[in-house]
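Colleague: Sequence:
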Amino acid sequence: MRTFIAVGISDEVREKIAQIQAELKKGEPDVKWVEPENLHITLKFLGEVSEDKLPGVIEKTRLAASGISPFRVHIIGLGSFPSLTSPRVVWVGVKEGKNELRNLSERVEGNLSDLGFAKEKREFSAHLTIGRVRSGRKKEKLVKKIEEFANYDVGEFSVDKVVIMESQLSSKGPTYKIAKELELE
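Quick note on numbering: the sequence shown equals residues 48 to 232 in our numbering.
Do not rely on the hints blindly, as some may be mistaken.
Here are the simulated DSBU-like pairs of lysine-lysine, each with C-alpha atoms no more than 35 Å apart in a straight line [said to hold, decoys possible]: (1) K100 - K191; (2) K224 - K166; (3) K145 - K192; (4) K191 - K227; (5) K185 - K227; (6) K219 - K168; (7) K79 - K145.
If you are wondering where the hints come from, they were derived from the structure by calculation, not from laboratory data.
Please build the complete structure, drawing on both the sequences and the hints.
Modeller: Shown next as structure tokens:
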């Protein structure tokens, strides 16, 4: 099963992001938008994980999360990877809570490397992916809208758990299912 480790977001922030997506869609860019119910902050993407490895993943993630207290995350602004002039991924950024998310991600990375999962080569960048650009069609309108929302205050939420998610791909897009929730202390 395709698996990743993440933190969820509040319904209020989810709704605001859906409103932003609706505004971005008006320009009709060629973007595959992330369904609001699928929005999350990924700490570590594992890829295909066999069922027999899942207990180890859960235990190593539990150890990574142990001793970390719940914390606040403040979401502000839009941007794109790799750059605004060549958008491939449209994201909303994390202003507050970056360091806590980075620490949690690094602990997850370190613990899961013990199970043979490769460490990410890129430095962790706290963000929520809201869309993936498929082509340059109407890119100028998309870039203009991203610039308009560059400092938009999306909202805050509390991170009080880490989730291990299963992703099932279909022609309609991915469906996520929680494999395990681990409370922060």
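Colleague: Each hint: holds or not?
Modeller: Tested hints:
{"no.": "1", "hint": "K100 - K191", "in the structure": "violated (45 Å)"}
{"no.": "2", "hint": "K224 - K166", "in the structure": "holds (24 Å)"}
{"no.": "3", "hint": "K145 - K192", "in the structure": "holds (24 Å)"}
{"no.": "4", "hint": "K191 - K227", "in the structure": "violated (40 Å)"}
{"no.": "5", "hint": "K185 - K227", "in the structure": "violated (40 Å)"}
{"no.": "6", "hint": "K219 - K168", "in the structure": "holds (30 Å)"}
{"no.": "7", "hint": "K79 - K145", "in the structure": "holds (26 Å)"}
In terms of the numbered hints stated before, the structure departs from hints 1, 4, 5, listed from lowest to highest.
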